[in-house]
Amino acid sequence: MKINRREFLSLSGKSAAGAVIFAACSIPEKELIVQSPVDMPEDLVRGIDSWYATSWSEGASGDGVLVRILEGRIKKLKGNPDHPVNRGGARSNLDFALQLHYNPDRLHKPKLRRSKDGILANTSVDEMDKYIKDATAKGKKIVVVTNPSRSSEGWISQKFAESRGGRYLAYEALDQTNLHEALFELFETDEIPHFDISHADNVLSFGADWIENWISPAQYGTAYGELRSGTRGFFAHVEPRFSLTSANSDIWMSPYPGTEGDIALSIANVIIKDKLVPENQINDFLNKLPNGKIEFGYNPEDVEKRTGVAKEKIIEVAHKISKGKSIVFAGGSTAAYTNGKFNTYAVYSLNILLGSVGKTGGIIINPEVEKEYIGGSNQSNSLEQWQEELAQWRAGYVDTVIIKGVDLAYSMPNSLDVLGALKNVETVISFGNMMNETLNASDIVVPDTTFFEEWGSEIPNPLPGYMTVSLQQPVVVKDGPGASGAVSYVDTLLNLEPSISGSNKSLVKKIFDNEYTESNSSGSVIASDKNSFMNGVQQRGGYWNKSITADQKKIRLKNTFEFENENVFSNSDSSFGEEFHLIPFTNNLGDGKYANVPLAQEAYEGITTAAWETWVEINAQQADQMGIKEGDIISLKSDSGEIRCLAYPHPAVQPGTVCVPTGQGTEKGGRYSENRGSNVLKILSGLKDEKSGSFAWASTKVSLKRAGGNKTMPKFEGDVTAFPVEPGIPVLVVKPGQTAHEAEEENHHKYQESINFRESHGDGHGHGDDHGDDHGDEKEKSSH
Amino acid sequence: MVAEKNRSWGMVIDTDKCNGCSGCVTACQVENNIPLNDQNKFERGRVMSWIRIERYWEGEFPNVKARFIPIMCQHCENAPCEPVCPVYATYHNNEGLNVQVYNRCVGTRYCANGCPYIVRMFNYWEPTWPEEIRNHLNPDVTIRSRGIMEKCSMCMQRIKRGERNAGDQLQDGEIKTACQEACTTGAITFGDLNDPESEVSILAKSDRKYSLMPQLNTNPNVVYLATVDPYKDKNLGEKAKTNEH
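Sequence lines, in order, name chains A and B.
Count along the first sequence starting at 1, add 658, and that's the number in the working numbering.
Count along the second sequence starting at 1, add 280, and that's the number in the working numbering.
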């Protein structure tokens, strides 16, 4: 139909008028509500799913998890609300386990290197078995290496090594020997205590990024929620890096690296001087000191000069933690300097001054749990022990090394030359789900099962204050989709040693049969016979008994503390010089374990929001002075090597300190990890705390230079435009007792004042300035 | 006509408990079959995520603070995205949810333009997963194809499953969204805002409650509780320079 211009205009006018009239007639509201005439798939699909209770051995803290299975496939994980460790809480990385299991680069076939100079090639399971049998025959000198865990797997590792007169060693990249040493010397326990954050009024932590990933984040995350519930608990944190834990504290203290112990003693100094706690607690504490007093130099004024932390913060924290139930603990970088043991020791001793040991809301000493068929270790061997061990390998004194679950070649510093050591071992047998640098340097590569396919049992670390044994049960079949060809590590070792009879499944059954016998009809499962007991254990994800605890009254404290400060960072005010303190930190990729998991790669880091890359966090002001911009390619050089990473000028990093995440830069991984980013672990100096032999992984110094070039930083920050709001919104902040409405009014008033101020000073900015770049005297700064 | 239901599903998010761990983001991604965000998507500002954690800076070193807030579709009662859709692909259902019908969506992106919270995501690419990873996709949730819009459904599949399983006996707290389940600190609470005794209703009456962009009168079904800071407007040991621009 042809329409001329006049007719078109006429029709348009009538349509518009019609639309107005139509709208004005006010159609009943319900007629505007349109329901989809077809059901959405979400309305229709209904499979029958099953949920199984198991525990997550990948995380080593023995968290209880529930796994959703549908059509023989794993669909989802969540925290087991029944389990005493995490009480339904889940690590932020829990779902990553799905893609460890279902991964396109998962190994399905064994690999064999027929000669030291040969290449790794696929082989049959039969041939692999034959080679393993030869390499582990009686008379061979064998070393077995796993990650630290006390489990049925640890037990068989130990037993097998012993059966060949060999050794069992545990390894973790960021060694925590100082933590264990300090705890043992103070409380004579090998167990990490239960930190009763849930019932505490005040929490003071040092170095340990317990909200994100330190030791048992699901347990601590649940407790953090409880700390902030009801009468809101106070929380202060001491760490040079602005971790998620730092970000969530009420008071964050950022000291020069290595001076954390000074802050702990300064807090003690204030408490004693101002008599903030009962005299008997002060005497208990002082009686343990070498001269019965804190030496001169720990008053807040002096400590401020040494640590860079304002004395007002030290005094405020001292006063806060002296009231109510308080807990103080340390870990992470605080324990990882060459004076890490001193720092850790000084921090934990504060609990004695506060009367927090063995009390609700304080440090609860865990029972020493020893179980038949559960072995291994809850702590790794120290750097010193590893140096001695690698010397043995290098000298050709070891015939066979069996490695399970750790990537030594990726995570040990260059200075240890682990690849050189492995080359001198006759046969290296490695179990793994996907290729990594250690597997690549091995002679026999065994495609390992995941915890979804395997029986197991583990003593969680740390325990929740009482005896707990977690159960791991297979939730999918080994030959199921995406996982065919996997070989059980435990069953392999059991088959090689006839004196240890049975299978992995029967081993686990024996553990819980023993629990049944010892339970005396108490604890989490009460049953009339062993099989019913095992059924109960499988339903709940383990067995625990609240009546089996450590006697808190019998905690023995060491007679004297050694408060000799051997602070190697006394010259740490060289913050604007060429040398920077390098603090590595783990986040979503762990020590590289999750690097080939796409979910882990894309899970952006909480503070920088960066993903898929290696970045270096450098103080923003310092970066500005050095002319460094975001995305600049930076070279970091230490005495152990050099890496390149992208600059991230960070508003909350201690000047003179740079922080780099671990996990990237693997030379041999899968499609998501290989040749991506840089491996910061390689350039760590092989320094150790001479008092403990612990790896001083936060003591490395590096030079920092622009290497030329700039890349777009892959980060989430800036993906979404900031909200056009006034200061304080959308994250509205209230003072205790203040209502949201009052805070909004206050913000609005301040904002109006700032606008008036700018207008009277001729500043052209007006309403709706949403970019957070200028709010007069306000400090709000939005980054999205 | 729409069958009458008395429910109004909603959420309360306590920003004082949110520690910014992003566990909710990963859990949502797995539950709702959200495609992989590769490096390219991060670099191009095209990250697909039904829930995101925003981090805001405040102050300067050493008195710097970071604030976190999880943001997802606010399921507004007066949703700006609904009237602009030419094909009724987005509408308000009878349980208080803003619903996206994928097979109606023609990808005009008017709804995304209209949404002040920037929570609607457009599929610029066909979602792909390696065969192995497809094993863990959730069969309860449709995979959205290239060219259409998607957003938080408040885990409608879980709501439907919960309603079907419970019938008339649905209890408060029985249905949990994936983000809520993954939130270790308990910052997220989900439930029926029409039930005055539900936990979500009780929390939504807190003195700390506020909504995002109340001036727009969108009346969201997501209520936030303000962060508590005992040191608000106070700097202990003022060593930091003031923010002078």
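If you are wondering where the hints come from, they were derived from the structure by calculation, not from laboratory data.
Being a predicted model, the structure only gives us computed values, none of them experimental.
Each residue gets a CB set at the ideal place from its N, CA and C atoms; glycine is no exception.
Careful: at least some of the hints might be erroneous.
To be verified - A short list of chain A residues far from chain B (calculated; beta carbon distances all over 10 Å):
hint: 1; residue: 731
hint: 2; residue: 732
hint: 3; residue: 733
hint: 4; residue: 736
hint: 5; residue: 757
hint: 6; residue: 911
hint: 7; residue: 912
hint: 8; residue: 969
hint: 9; residue: 983
hint: 10; residue: 1049
hint: 11; residue: 1050
hint: 12; residue: 1210
hint: 13; residue: 1264
hint: 14; residue: 1271
hint: 15; residue: 1393
To be verified - No farther apart than 30 Å at their CA atoms in a straight line, the calculated lysine-lysine pairs in the DSSO-like style are these:
hint: 16; chain 1: B; residue 1: 512; chain 2: A; residue 2: 1408
hint: 17; chain 1: A; residue 1: 1393; chain 2: B; residue 2: 440
hint: 18; chain 1: A; residue 1: 1408; chain 2: B; residue 2: 456
hint: 19; chain 1: B; residue 1: 489; chain 2: A; residue 2: 1408
hint: 20; chain 1: B; residue 1: 485; chain 2: A; residue 2: 969
hint: 21; chain 1: B; residue 1: 512; chain 2: A; residue 2: 969
hint: 22; chain 1: A; residue 1: 1340; chain 2: B; residue 2: 485
hint: 23; chain 1: A; residue 1: 969; chain 2: A; residue 2: 983
hint: 24; chain 1: A; residue 1: 981; chain 2: B; residue 2: 514
hint: 25; chain 1: A; residue 1: 1393; chain 2: B; residue 2: 514
hint: 26; chain 1: B; residue 1: 456; chain 2: A; residue 2: 963
To be verified - Derived CB-CB ranges, DEER-like:
hint: 27; chain 1: A; residue 1: 1332; chain 2: B; residue 2: 426; range: 42 to 52 Å
hint: 28; chain 1: B; residue 1: 388; chain 2: A; residue 2: 706; range: 53 to 63 Å
hint: 29; chain 1: A; residue 1: 729; chain 2: B; residue 2: 495; range: 42 to 52 Å
hint: 30; chain 1: A; residue 1: 728; chain 2: B; residue 2: 406; range: 38 to 48 Å
Quiz item: Cβ-Cβ distance between residue 729(A) and residue 495(B): within 42 to 52 Å?
Solution: Because 48 Å falls inside the window, the suggested range holds.
Quiz item: Non-interface claim for residue 969(A): all C-beta distances to chain B beyond 10 Å?
Solution: violated, 6 Å
Practice problem: Beyond 10 Å from every chain B Cβ: check whether that's true for residue 733(A). | Solution: With a cut-off of 10 Å, residue 733(A) comes too close to chain B, as the shortest Cβ separation is near 6 Å.
Exercise. Could you see if the CB distance from residue 1332(A) to residue 426(B) stays within 42 to 52 Å?
Key: Roughly 28 Å apart at Cβ, these two residues miss the hinted range, so it is violated.
Quiz item: Non-interface claim for residue 912(A): all C-beta distances to chain B beyond 10 Å?
Solution: Since the minimum Cβ distance to chain B is about 5 Å, residue 912(A) lies within 10 Å and the statement is violated.
Quiz item: Does residue 1393(A) pair with residue 514(B) here, judged by a C-alpha cut-off of 30 Å?
Solution: Within the cut-off at roughly 10 Å; holds.
Self-check item: Given hint residue 1408(A) paired with residue 489(B) - CA-CA distance at most 30 Å
Solution: Within the cut-off at roughly 20 Å; holds.
Quiz item: Is 38 to 48 Å a correct range for the gap between the Cβ atoms of residue 728(A) and residue 406(B)?
Solution: Once the Cβ atoms are compared, 24 Å apart, the range 38 to 48 Å for residue 406(B) and residue 728(A) is violated.
Quiz prompt | Verdict for residue 388(B), residue 706(A) (Cβ pair) under range 53 to 63 Å | solution = violated, 39 Å
Quiz item: Is residue 981(A) close enough to residue 514(B), meaning Cα to Cα at most 30 Å?
Solution: Roughly 21 Å between the alpha carbons, so the hint for residue 981(A) and residue 514(B) holds.
Quiz prompt | Beyond 10 Å from each Cβ of chain B, as asserted for residue 757(A) | solution = violated, 6 Å
Quiz prompt | Least C-beta distance from residue 732(A) to chain B larger than 10 Å | solution = violated, 6 Å
In this structure, the earlier hints numbered 1, 2, 3, 4, 5, 6, 7, 8, 13, 14, 15, 17, 18, 20, 22, 26, 27, 28 and 30 are contradicted, and the remaining ones agree with it.
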